[in-house]
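Chemist: As a plain string of letters, each chain reads:
Number of protein chains: 2
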Amino acid sequence: MDSAVTTSTQTITPFSSIRIDKDASTPIYLQIAEAIGSLLASGVLPPGYVLPPERVLCEQFGISRMTLRQATSLLDREGLINSRRGVGTVVTHSRLRKQQQEVRSFSEEIRARGGRPESRLISLDLAVPAAPVRDFFELHDQQKVYEIQRVRLKDGEPLALELARIPERLCPGLERFDLARSSLYEVLERSYGLRPEACNEEISAEIPTSQQRKLLGLPARTAVLVINRKTYMENERPLELTRSVFRGDRYSAIVHSRKSKSILQTTSS
Amino acid sequence: MDSAVTTSTQTITPFSSIRIDKDASTPIYLQIAEAIGSLLASGVLPPGYVLPPERVLCEQFGISRMTLRQATSLLDREGLINSRRGVGTVVTHSRLRKQQQEVRSFSEEIRARGGRPESRLISLDLAVPAAPVRDFFELHDQQKVYEIQRVRLKDGEPLALELARIPERLCPGLERFDLARSSLYEVLERSYGLRPEACNEEISAEIPTSQQRKLLGLPARTAVLVINRKTYMENERPLELTRSVFRGDRYSAIVHSRKSKSILQTTSS
DNA sequence: CTAGTTCGAATGTCTAGACAAATGAAGCAC
DNA sequence: GTGCTTCATTTGTCTAGACATTCGAACTAG
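Note that the protein sequences, when read in sequence, are chains A and B.
Note that my numbering numbers the first sequence so that position 201 is 201, with each residue one more than the last.
Note that my numbering numbers the second sequence so that position 235 is 235, with each residue one more than the last.
In case anyone wonders, no lab produced these hints; they're calculated from the structure.
Hints are supplied without guarantee of correctness; some may be wrong.
[Stated by the list, open to error] Lysine-lysine pairs mimicking BS3-like chemistry, simulated, CA-CA at most 25 Å apart:
1. K259/A to K230/B
2. K214/B to K259/A
3. K144/A to K230/A
4. K230/A to K144/B
5. K144/B to K230/B
Generate the whole structure from the sequences, applying the supplied hints.
Modeler: Structure below.
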């Protein structure tokens, strides 16, 4: 425990294995963040583990403290570690780790839940939309949108009815693709370079119509979960407008929230 | 337009009005972030506005570049501005601004939506909970939890039924407070120092029971939105377990999502 | 007019220090 | 023991620079 000793003998920690390449194209702070990130993901650094002091890590990596802090602040933002003045840097307990609210397609969502997603195409129309839809997409009078109606299945069973709308201007020729087989988001990204960046969802509960009951094979006295989703691209332009009707007995939406650390925007009345 | 001119004369920008106090207890970078943040909130800096170069702002504020970047990176994380190498720093368009998924109590949620929240206490019990609840709170055999049933109203109309459960150990004497008048979260924070840090919600659609219909004054053929919420504190300990049953015709949940910028944790299957 | 080049300007990354402030433990007085 | 003080440790904040990288505009050659 004498400082004269610890400076001469290198303590072996999980960090000893980290090697950084100062000449690599990825910046040093990212290399370190990723390295520590995978130590966290693999469980080598369990929740509650106290990281070595910054100055020790700096010496070990041969970098300056500001660079190390750039890495740790990244992980701190993600909620994976927690630094406290006078105490140290501690690995966060899993429950508090930020579970990012993701922009996910139906297929991705189902796969994330461990199911097998499928689709049956009901209709694919190219039509001049009603006023609210036209306004959302900021279209001129006669511009058209694709309206794609599908039954979405999980493990072979009907789970949801989906009506996706997307302007023709963004993806001309969309009807050529087999939307029963492939994910709409995949087609949009691969063939048109369109990527969703943000979305707003409004989740409500409704009594199903008789047509919905039939298409979903709904038992009596079952409600449906309706999700209206607005999707935007990186350039803030609207991308997609979707209404999904889920079987209430087989699906529920999961939302993760965390107190935001930022002191900005405290505009609560 | 001549650089020789602009160096001698100070260009007047919205940033000229920002004054920082180097001796204040709030760090400089926070002062600047907040100042720019309110310029953004007030609309003085409209979307698309290009901020002056970092070096110019540094000189104006009399600070070093790293300190300024600490401020702008905060705002960048929040999605309020967007810095691009070789280009500059631009104010983000409003649609892409991160709308943080907040941990909110019923009262806060209703107020955020511009309504007046109210409560009617139905019952407040102190009981030994069933196994699933006991497991969630990690309680021993005979430890009790408060079970608080309330009708939650918006603008005088019943909107939801809420059953909140919280361990007695965390807040002994909770029954002394007037939970019809004050928010449970406020009591927990002010009188017991308990603060929710994160929560997980599961949102589902159900057909109401006849009792729920009566208490909520539900019209026929109306579904209810059921939200089961698990709340945790900063130390990862469970704080509260709540089941809320909302009128489906008057309430829908709003969820905002954004693609995360981090390259970490890309563990998609 | 077009395509390629050059170059200035802007942010990105990094350094090697400095002092401040919070924390918790050890020691001390009682 | 109990409560207070002291102190070493640790992260938080900040500086004044350096060079790298990217972008787009202006210029040039054809």
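Chemist: Does K230/A lie within 25 Å of K144/A when you go C-alpha to C-alpha?
Modeler: Measuring from Cα to Cα gives roughly 18 Å; hence the hint holds.
Chemist: Straight-line Cα separation of K144/B and K230/B no greater than 25 Å?
Modeler: holds (18 Å)
Chemist: Would the pair K214/B and K259/A pass a check requiring their Cα atoms to be no farther apart than 25 Å?
Modeler: Given that 25 Å is the threshold and the Cα spacing comes to 35 Å, the pair is violated.
Chemist: Take a quick look at whether K230/A and K144/B sit within 25 Å of each other, Cα to Cα.
Modeler: Status violated; Cα separation ~44 Å.
Chemist: So if I understand the rule, the pair passes when the alpha-carbon distance is 25 Å or less; does K259/A with K230/B pass?
Modeler: Holds, at about 14 Å.
Against the hints set out earlier in the document, violations occur for numbers 2 and 4.
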